[in-house]
Structures are given as structure tokens and as C-alpha cells.
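In terms of the working numbering, the sequence shown has 467 at position 37, counting the first letter as 1, and numbering is strictly consecutive.
FYI, nobody ran anything at the bench for these hints, they're computed from the structure. The C-beta atom is built at its ideal place from N, Cα and C for all residues, glycine as well. Any given hint could be a false lead.
Once the Cα atoms are required to be at most 16 Å apart in a straight line, the calculated EDC-like pairs of lysine to aspartate or glutamate come out as [to be verified]:
no., residue 1, residue 2
1, K535, D501
2, K509, D485
3, K509, E476
4, K535, E488
5, K444, E481
6, K535, D472
7, K509, D472
8, K509, E481
Simulated DEER-style distance windows between Cβ atoms [what the hints assert, rightly or not]:
no., residue 1, residue 2, range
9, A455, G498, 28 to 34 Å
10, P454, T523, 16 to 22 Å
11, G471, E524, 32 to 38 Å
12, Q534, D493, 17 to 23 Å
13, D472, K444, 25 to 31 Å
14, D496, R445, 21 to 27 Å
15, Y500, P466, 35 to 41 Å
16, L437, E492, 25 to 31 Å
17, A455, T523, 15 to 21 Å
18, L437, P487, 30 to 36 Å
19, P454, G489, 29 to 35 Å
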Amino acid sequence: MPEEKQLIQPLQVKRDEYGFWTHPAWQDDGDECALPFSWFGDHGLEYCLVEMENDAPEGMMEDWMDDGDYDCTPWQPSKPAGDGWFTFSIHDTEDGPVCVWVRQKVAA
Numbered sequence: 431m432p433e434e435k436q437l438i439q440p441l442q443v444k445r446d447e448y449g450f451w452t453h454p455a456w457q458d459d460g461d462e463c464a465l466p467f468s469w470f471g472d473h474g475l476e477y478c479l480v481e482m483e484n485d486a487p488e489g490m491m492e493d494w495m496d497d498g499d500y501d502c503t504p505w506q507p508s509k510p511a512g513d514g515w516f517t518f519s520i521h522d523t524e525d526g527p528v529c530v531w532v533r534q535k536v537a538a
């Protein structure tokens, strides 16, 4: 019998002192929050990745990269178009902070 998948629900986002937060359903393997994209589909989710570099107000990313101001708290990631999206993670990557939005897959 296949393992029952728990429905991932939105939670209140409480960002840390650097502006990061990750849903506890994200299994952190210690490798910079690496998670195979197939995981989302396996859990009935679709995802959308929003990069601070392409989303933050002008100057914020430059401060991040050039000044060593490693606080993305002022960045409020843009929500993707459509209904049902919620924040799954705001975390740093080699290319700067990203926000992973998820929502339950919509039946066709």
C-alpha cells in the first residue's frame, strides 16, 4: 500500500532575522534546501519560483550582492497569478534569495 501523502497546508510565515523562512514540510537535507522538483508533484502541488533578482525593488539586489547586506526582509515576493498560492520557502541560493510559491494542483 503506498504511503499516504499528507496535504500540505499554508502556514503563517515567520521570517528569521535574514528574511528567510521554510515550511516544515520541506525536508531539509542540509544541502541549501535542495529538493527535487518532482517532490512537489508527488505531493499534489504545483510550484512557482520567484527570484529576488527579478522581483525586488530597484537597488535591493545590488545592496544584497555588493554591500553584503544579507537581509532580504524588506523583499515582499510577488505572488504568481491565479488563486491558491502560498509561500513554501524564502531561502538563499547561489544566485540570491528566491521564494517558492506552491498551491494544490488544479484538476483539469
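Checked hints:
A hinted pair counts as satisfied when its Cα atoms are at most 16 Å apart, and K535 with D501 does not qualify at roughly 32 Å. For the proposed pair K509 and D485, the alpha carbon gap of about 10 Å is at most 16 Å, so the pair holds. Between K509 and E476 the alpha-carbon distance is near 14 Å, which keeps this suggested pair within the 16 Å criterion. For the given pair, K535 sits about 33 Å from E488 by alpha-carbon distance, which is inconsistent with the 16 Å threshold.
Distance hint between K444 and E481 is unfulfilled; the C-alpha atoms sit about 19 Å from each other, more than 16 Å. A hinted pair counts as satisfied when its Cα atoms are at most 16 Å apart, and K535 with D472 qualifies at roughly 11 Å. Between K509 and D472 the alpha-carbon distance is near 22 Å, which puts this suggested pair outside the 16 Å criterion. Simply put, K509 and E481 have alpha-carbon atoms about 11 Å apart, close enough for the 16 Å limit, and the pair holds.
Checked against the given bound of 28 to 34 Å, the beta carbons of A455 and G498, roughly 32 Å apart, stay inside it. As the Cβ distance of P454 to T523 is approximately 20 Å, the hint placing it in 16 to 22 Å holds. For the pair G471 and E524, the beta carbons lie near 24 Å from each other, so the given range of 32 to 38 Å is not met. Between Q534 and D493 the beta carbons are some 36 Å apart, a value that contradicts the proposed interval 17 to 23 Å.
For D472 paired with K444, a C-beta distance near 26 Å keeps the hint of 25 to 31 Å intact. In this structure, D496 and R445 meet the distance hint of 21 to 27 Å, their C-beta atoms being roughly 22 Å apart. The hinted range of 35 to 41 Å is not satisfied by Y500 and P466, whose Cβ atoms lie roughly 27 Å apart. Range check, L437 to E492: about 40 Å between beta-carbon atoms, so the 25 to 31 Å window is missed.
Our hint of 15 to 21 Å for A455 and T523 holds, since their Cβ atoms are close to 19 Å apart. At about 35 Å, the beta-carbon gap between L437 and P487 stays in the expected band of 30 to 36 Å. Separated by about 33 Å at the C-beta atoms, P454 and G489 satisfy the suggested range of 29 to 35 Å.
Hint check: violations occur at hints 1, 4, 5, 7, 11, 12, 15, 16; the rest are consistent with the structure.
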